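Participant: Construct all of the structure, not just a fragment, from the sequences and the given hints.
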Amino acid sequence: METSCAADHSPNDAAERTTVVALDQSEESFHALQWALDTLRFGVSDRLVLVHARTSPLSHATGFGGAGTERRFFSINPVPAMDYDNGYILGTEAVISMERSQEREINAFMDKAMELCREKKVKAVKHVVYGDARDVICEEIQKLNANMLVIGSHGYGAVKRTFLGSVSDYCAHHVKCPLIIVKKPHEKSHLKN
Amino acid sequence: MASQGGDDAAAVALVRRRKVLIAVDESDESIYALSWALENLIVPGRPNDAEEPRVSNLVILLHVQTHPQVFVGPAGPGFYITPEIIDSVKKHQEEISRKVLLRAKKLCDEKHLETETMVAVGDPRDAICEAVEKLAVDYLVIGSHGYGAIKRTFLGSVSDYCAHKAKCPVVIVKKK
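Residue numbers (the numbering used here), protein chains in the order written: chain A, 278 to 470; chain B, 50 to 225.
The hints are simulated quantities; they were obtained by calculation from the structure and are not laboratory data.
As the structure is a computational prediction, the values presented were derived from the model and not from experiment.
The C-beta atom is built at its ideal place from N, Cα and C for all residues, glycine as well.
Don't take every hint at face value.
[Said to hold, decoys possible] Pair by pair, the computed Cβ-Cβ distance ranges are:
#, chain 1, residue 1, chain 2, residue 2, range
1, A, R395, B, T115, 22 to 32 angstroms
2, B, H161, A, K400, 51 to 61 angstroms
3, B, V104, A, N384, 56 to 66 angstroms
4, B, D175, A, D301, 43 to 53 angstroms
5, A, K389, B, Y81, 29 to 39 angstroms
6, B, G171, A, R395, 38 to 48 angstroms
7, B, D175, A, S303, 21 to 31 angstroms
8, A, K398, B, Y81, 27 to 37 angstroms
9, B, E75, A, Q302, 40 to 50 angstroms
10, A, Y407, B, E75, 24 to 34 angstroms
[Claimed, not checked] Beyond 12 angstroms from chain B on every Cβ pair, some chain A residues (computed):
#, residue
11, R381
12, D388
13, H404
14, G408
15, V452
Facilitator: If you want it as structure tokens, here you go:
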């Protein structure tokens, strides 16, 4: 007998809900993920999409990562790769090896995150996208038609936020879906967790 | 009789009680935020987590009244505020609070949730953040008016302030 999901219209069994969780390597974002897994209820038809925005290692090498970095796609040519902005010349091999090591790091913490989801029996997928975190998160939410965003926050003060920029701030302003900003508590005072 | 979410206290040991503070006002965005939260975050008794220790939710509905300030211009007060005016404004605000909280409580009662209502006076930004601290809530739910079509942003100032200042996770629900 085929089970038809459409028959039961109770709101809890509604269509698959997608929750995007923005991750980077920081403790704050893992704390946000753990909080979501502990506090929110995920049904069998819900899924988490763990989104990580990846900057190209070239920008790390030239110290130019962060805001305004467009996506870069590497082509593997025998020609030395040149970073025209800063006049560096990096051989293709150097670039590839930086890429690989960055990938290893990313896979390491993303797998840790997937493990956390597995422990709570929540369906999760990884999306690692090149680009600036602000844009990547907002775009993924649009593309996936996400129902909700969970994002950690470093808790910068107003001045730091102006200079360093804040991804959670940006997302709070630009995404249209509900979002949850989870800060890592400084004092252990009243949190029961 | 007020409906309670903790009616199974006798049967199952409640491991913890989660406090959720939901800021409400007269706007539609606010009621939408409340119903979204009830539907998506505070869903009681999901059948698929039988192993999970029972968590009961306490919903605290907060309405913040803003009382008008006396405006004192360079040539003296703009107009004189008499005690009668103050009283009448207070009464009016009380009436608004009553209506807002009643409407909100009704939604919670439909879901059979334990609910408390609360009124604070002052700037909503500070009042909400203070309430978060004083009550040690687990998280805050707030709607967003999102007046920002010109700047192409969708976040109101109260929700923006609370997102940064509140000492707990903040759920911002934008208007549909």
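Participant: Against this structure, judge whether each hint is valid.
Facilitator: Verification of the supplied hints:
1. For the pair A/R395 and B/T115, the supplied restraint of 22 to 32 angstroms is violated, since their beta-carbon distance comes to about 48 angstroms.
2. Between B/H161 and A/K400 the beta carbon distance is about 28 angstroms. The supplied range of 51 to 61 angstroms is therefore violated.
3. At about 34 angstroms, the beta-carbon gap between B/V104 and A/N384 misses the expected band of 56 to 66 angstroms.
4. Checking the proposed 43 to 53 angstroms range against B/D175 and A/D301 shows it is violated: the Cβ atoms sit about 31 angstroms from each other.
5. Between A/K389 and B/Y81 the Cβ separation comes to about 36 angstroms, which falls inside the hinted range of 29 to 39 angstroms.
6. For the pair B/G171 and A/R395, the supplied restraint of 38 to 48 angstroms holds, since their beta-carbon distance comes to about 46 angstroms.
7. For the pair B/D175 and A/S303, the beta carbons lie near 29 angstroms from each other, so the given range of 21 to 31 angstroms is met.
8. A hinted range of 27 to 37 angstroms for the beta carbons of A/K398 and B/Y81 is consistent with their spacing of about 31 angstroms.
9. Checked against the given bound of 40 to 50 angstroms, the beta carbons of B/E75 and A/Q302, roughly 43 angstroms apart, stay inside it.
10. A/Y407 and B/E75 have their C-beta atoms about 45 angstroms apart, which leaves the hinted 24 to 34 angstroms range violated.
11. In this structure A/R381 is separated from chain B by more than 12 angstroms, as the shortest Cβ-Cβ distance comes to about 31 angstroms.
12. With 12 angstroms as the threshold on Cβ separation, the claim that A/D388 sits away from chain B holds: the shortest Cβ distance comes to roughly 25 angstroms.
13. The claim that A/H404 lies off the interface holds: its Cβ sits roughly 22 angstroms from the closest Cβ of chain B, which is beyond the 12 angstroms cut-off.
14. No beta-carbon of chain B comes within 12 angstroms of the beta-carbon of A/G408; the shortest separation is about 20 angstroms.
15. The claim that A/V452 lies off the interface is violated: its Cβ sits roughly 8 angstroms from the closest Cβ of chain B, which falls inside the 12 angstroms cut-off.
Hint violations for this structure: numbers 1, 2, 3, 4, 10 and 15, all remaining hints satisfied.
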